[in-house]
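Chains as they are written, first to last, in this note's numbering: chain B, 21 to 369; chain A, 21 to 369.
Hint data in this document are derived by calculation from the structure and do not stem from the laboratory.
In this list, chains with the same sequence are indistinguishable; a pair is considered to hold if it fits within one copy or across any two.
Straight line, CA to CA, 25 Å or less: simulated DSS-like cross-link-like pairs of lysine-lysine:
#, residue 1, residue 2
1, Lys228, Lys208
2, Lys151, Lys114
3, Lys208, Lys172
4, Lys151, Lys113
5, Lys114, Lys222
Number of protein chains: 2
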Amino acid sequence: MNVQNDSLEASSGLGPRILLDGHGGDRAPSVVFDALELLLATAEGDDLQLGVVGTDAVAEAMQARGLAERIVHVPARDVIEMCDAPAVVVRRKKQSSMHVGARLLRDGAWDAFVSAGNTGALMAISKLILKTLNGIDRPAIASMIPTRSGGKTLFLDVGANVDCTSDHLLQFALMGHAYMQAAEGIEKPRVGLLNIGSEDIKGTDVIKVAAAAMESLPIAFVGNVEGTDLFSGEVDVVVCDGFVGNVALKTMEGTARFLADGLKQALLSGTRARMGAMLAQPALRAFREQFNPGRYNGAPLLGLNGIVVKSHGSADAEGLANALRVAVREVRAGLLSRINVLLSEWNEA
Amino acid sequence: MNVQNDSLEASSGLGPRILLDGHGGDRAPSVVFDALELLLATAEGDDLQLGVVGTDAVAEAMQARGLAERIVHVPARDVIEMCDAPAVVVRRKKQSSMHVGARLLRDGAWDAFVSAGNTGALMAISKLILKTLNGIDRPAIASMIPTRSGGKTLFLDVGANVDCTSDHLLQFALMGHAYMQAAEGIEKPRVGLLNIGSEDIKGTDVIKVAAAAMESLPIAFVGNVEGTDLFSGEVDVVVCDGFVGNVALKTMEGTARFLADGLKQALLSGTRARMGAMLAQPALRAFREQFNPGRYNGAPLLGLNGIVVKSHGSADAEGLANALRVAVREVRAGLLSRINVLLSEWNEA
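If we strip away everything but chain B, and leave its shape as in the complex, we get (with noise of 0.2 Å):
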């Protein structure tokens, strides 16, 4: 597919800025490309600015693709790898795509890096350039979960840090506010807290401190929520810390995959079976698409002073052009500001 001069004369819009890390992920750099084609083919990609960051071999493959007129290439010489230790390559490797991203964002030159890199070293980096807005300790890793009333729960942290204090926690909660109220339009979102048991005596000492200091927060705080409550659309945001939410994020996927296995082998299991199956193939596919994790792919990285997403590291086009539209929500509705706004009305509180 190649881009039109219609689209390439609308990139000069004044849309978000989006960079994207040409490397990192399974299928780097191809799949950059073919989810930026994906945006770039409908209206949505009409006013953004797009650019991808990698070694000399992603600038050839993005001219090879025809796309070097449309999407502006940013050298970087390193490359890291999903098996680098964050904390060796954060001072190692400085001329990464990832370090090269951070650096331009805290510049100004872009208004939001993605990559589908490893976690570690993006959050690593990320930090170490970017910083922590003020009142914020520590960054989190948010996830979006599809919930039954076919909305979406905001789920954080879910790995980014792995011993967590109430002040924290806290902190999560005003983010994850924040955040679904900016990038998902939720007036009020319910915040919940992970425990394991919706009475006040359950949980760590942490968590109980947590939970009646956030009585106080400018938020709409509906108390203690428990694992099982993650899906039911009762609650627009759960805290919780890196450790525990990382172990049910990997259960939620392992249960899903498990269930899914089942699922197949029952429906092979004989004649009958395989032409129920095939009948009903229409809307099992539907069924297996409303749960694609693509479909909620794109991690914002919470309380760095800059707009940083998360892509998963198999993520095809089409959830890769998720996550970008992540970032580009964010960069829209200000999100930034709007946690810099909420910190100082608590901090002044």
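Given the coordinates of chain B, assemble chain A onto it according to the supplied hints.
Only chain A this time, still in chain B's reference frame:
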């Protein structure tokens, strides 16, 4: 269904003596008698000595069911409610069915106690009366989960201890190992530590210390596992603290319910889908049955100086019968002395 005379006589056998709680759970006491009838109707009930502890109302229900000759009624005056705070009732309702059951277990009158009541109260009362095994600081609740390969994985702790030290995790690993060996007949159970990545550098300090120490335990420690691995069948025991375990367990439950709802909706979404679902119904029913939580019902409370099994409050007769079978297996396998041997070997080393 009435119990026949031949099984009545067989009841004087010398098999495991299992005492059930006549209170607690959604459908007590009728479901208790249903479950006992299920067992007594088959050969597996032949050598069991069975009792139900509860108030006069329980004794009357037993009479009415015609079970009084086959099952012993053990009187208790108090009932622990689901809403009772464990820390309160442990000292206040000393004549509850749980207290009476635990005391009789301690005194050697029965071999195991099975209850579908308030989990926290069951744990607190059992701990107070039975004490823990030598070398165990805190008992854990273990849950059995199905795996992709058709096997089972023991997951602990799923809620008894919200804060755990590395030593507690080591003790859970030893108990899980002993359980899978004794009750499930797995010669060398593979034991994993739940973490947020397979690398050694991941996780909290408590987990890093536990992982290093587990290497030197006399068990097949396979290292860190993740939430996605819980169903893989590549590990027989997964160890974590009770907060994380409880969240993971409830997240599984929530994910399964969410997906089942979605599937149902999809299969009702039109004539063609409905026809397909009708054809595939036997296969779909078998699929549902395979993952019926009742099949895995019966959570051992491990580390107590006595065999106590928790049944899910919503378990049906088949589910409760499974919890009873768990208790029977533990008794027959001599689980307590096996854990004791393992603990003294470890303490000497």
